[in-house]
Amino acid sequence: MQNFDLTVKIGKIVLQNPVIVSSGTFGFGGEFEDFFDLNHLGAIIPKGISLEPRKGNPPPRIFETEGGILNSIGLQNPGYKEFIQKKLPYYKGLKTHLIINFFGNTEREYIELARRFESLPGISGLEMNISCPNIKRCGIAFGTDPRMAYRLVRAVRKATTLTLIAKLSPNVTDIALMAKSVEEGGADAVSLVNTFRAMAVNIHTKRPELGNVIGGLSGPAIKPIAVRMVWEVSQAISLPVIGMGGIMNAEDAIEFILVGASAIQIGTANLINPRTGIEVIQGIRKYLAQNKINRIQKLVGAFG
Amino acid sequence: MPLQTDGTVTENRRIKSLYFALGIYCPSIADRIKPGQFVMLKVSDDNSPLLRRPFSVYKSYPEAHPEKRKRGHLFILYKEVGKGTRKMTSLRKGQKVDLIGPLGNGFTPPPLPSSASSILIGGGMGIVSLYPLVEAFDTGGLFVFIGGKAEDDVMCVEDFRKFSSDIFIATEDGSLGFQGTVVDLFLSQKKRFKGEGKYYLYACGPVAMLKAVAGVVEIKKFVSQASLEARMGCGFGACWGCVVKTNHPKTPYQRVCENGPVFPLENIAWE
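So the sequence lines, in the order shown, correspond to chains D and S. Just so we're aligned, residue 0 is where the first sequence starts under numbering that gives the first Met the number 0, counting upward by one. Just so we're aligned, residue 0 is where the second sequence starts under numbering that gives the first Met the number 0, counting upward by one.
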């Protein structure tokens, strides 16, 4: 088979291919090792980590809607200390890049975490979650106010030399404005979109379907909105864009790449077909062969 | 270690009213699945429904089983209740289905040699998950309590008769057996369990039923395990969508798929 150049560069990281598995949908990685060889992935982003452990939201935490999933996990995680003791050693055995998704309740917590991850071996980059819809104090203000986002990214930028990715919320009027703010703040890349704030009601019990009432919508239902947002952002900034939102297969991934995503993330699809990541890589390769394109980078933004 | 694999549908027939039996030839899972474990089934090729559905396995036969037609088969009982199970009713013999399994931690058998007795309490489809226990383990004396809303919802009675003559049936509308819930029925019979030694109790059913069981069994007398039902995202521990609140001091929300679905009954924090 012909050799295709699938490498892409995000900040200082050279990914062997543009396929990244998304935070919150890939556990800590080990949950997937029985299904395929994780070394094939461009990068792994484990579940988001906070300074202190988080218990998460009360159940029910998940509800299926038409073509989508509503979730309100609430960023349950074991916290920084347990993560580095019990989870981090696992990635030493992997060749793929490790990008840490993290978040704080305050600017100080973001800075503290960035500083701590900076000094650990084996971490290629950081993805700042400024956009989770499931916690009240954290993300919302940072993720929806361009000036707050700028300030936060600038502060975290000073605390780390690692490649810094800002994960953007789609729950804003102008996502390109948010992207410009984090670019000015010093981010190396942006990833988008996180889930859309959403809810569902059971008409028989007259109660919400989620314990937290409001959750985040993901899956194929959001894909067209996500594609539009990635397109708008990629036109507005000069940083690499990592696109996501309902990618189920290689065709979906290519759509995001065409509108300007240098790399893509697989989220919800991991839960349904745990082999989605590797199947998307294979599908991209096939598409390049059929279209006689030797480098994936030629596809980035080739739309229009 | 779960596998993602294709199985072949070998039968899909209506047992009664809204209840169906699905037979799948899938030796790689059938060879390894243990009582109380489950599989995640992709019930359609498209995104409707999007997520897989969890099913406990009712019967499974390894490749080495003496009866040729059963070899390598899994059987699932399901009730047509929503979009996913409605689509399942149209699965035809010979069709491929995508499965992940075996998943979760199964039941712990009673200690051997079993001089003690086992008690099974199943509400609705819950009884289906308890059936593999009696085929796989020496349960000692066996008492089976089966409940349902109405006669049609009482499952697996004939299967259990092969293993026990102490079968008690409750229906909420009184159309079969005792009128009331299966826990009411258990309470009415509880004086039977006054003997020395412990009883090994296995329960599966809706949360309200399990909570009621927890409220009537003494921890010292009844060693109780409950298999929980939950809405699941992935089924293999990745999404934290299916949690149940437990008494765990550090991590109260435990994953039903990965840490369960079987939990010691007293570990569940009922709300």
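Some hints could be false.
Lysine-lysine pairs mimicking PhoX-like chemistry, simulated, CA-CA at most 20 Å apart [to be verified]:
#, chain 1, residue 1, chain 2, residue 2
1, S, Lys244, D, Lys54
2, S, Lys244, D, Lys86
3, S, Lys197, D, Lys54
4, D, Lys80, S, Lys244
Covered by chain S, per the in silico footprint, the following chain D stretches (three or more residues, Cβ under 8 Å) [as the list claims (entries may be wrong)]:
#, segment
5, 27-36
6, 58-65
7, 111-124
8, 153-167
9, 199-207
10, 224-235
Example chain D residues on the side facing chain S (calculated, C-beta under 8 Å, incomplete) [claimed, not checked]:
#, residue
11, Ile68
12, Gly218
13, Ala249
Just so you know, these hints were derived from the structure itself, not from any lab. Only a predicted model underlies this, so the values are computations on that prediction, with no experimental measurement involved. Every residue gets a Cβ at the ideal spot worked out from N, C-alpha and C, and that includes glycine.
Next pair to validate is Lys244 (chain S) with Lys86 (chain D); report whether the Cα-Cα distance is within 20 Å.
23 Å, violated
Closer than 8 Å, Cβ to Cβ, for at least three residues: run that test on the segment 27-36 of chain D against chain S and report holds or violated.
holds (count 4)
Checking C-beta pairs, does the segment 199-207 of chain D have three or more residues closer than 8 Å to chain S?
violated (count 0)
For Lys244 (chain S) and Lys54 (chain D), compute the direct alpha-carbon distance and say whether it is at most 20 Å.
10 Å, holds
With a C-beta cutoff of 8 Å, work out whether three or more residues of the segment 58-65 of chain D approach chain S closely enough for the coverage to hold.
Since three or more residues must qualify, the claim that chain S covers the segment 58-65 of chain D holds, with 7 doing so at under 8 Å.
Outcome, coverage hint (the segment 224-235 of chain D, chain S; C-beta under 8 Å; three residues):
violated (count 0)
Three-residue Cβ test at 8 Å for the coverage of the segment 153-167 of chain D by chain S:
violated (count 0)
Should the interface hint for Ile68 (chain D) be scored as holding, given a Cβ-Cβ cut-off of 8 Å against chain S?
Result: holds, 6 Å to nearest chain S Cβ.
Given Ala249 (chain D) as an interface hint, is its Cβ closer than 8 Å to any Cβ of chain S?
16 Å, violated
Within the segment 111-124 of chain D, is the number of residues with a Cβ closer than 8 Å to a Cβ of chain S three or more?
violated (count 0)
Taking the least C-beta to C-beta distance, is Gly218 (chain D) closer than 8 Å to chain S?
6 Å, holds
Hinted pair, alpha-carbon criterion (20 Å max): Lys197 (chain S), Lys54 (chain D). Please report holds or violated.
Since the Cα atoms of Lys197 (chain S) and Lys54 (chain D) sit roughly 35 Å apart, the hinted pair is violated (cutoff 20 Å).
Consistency with the previously given hints fails for numbers 2, 3, 4, 7, 8, 9, 10 and 13, ordered from lowest to highest.
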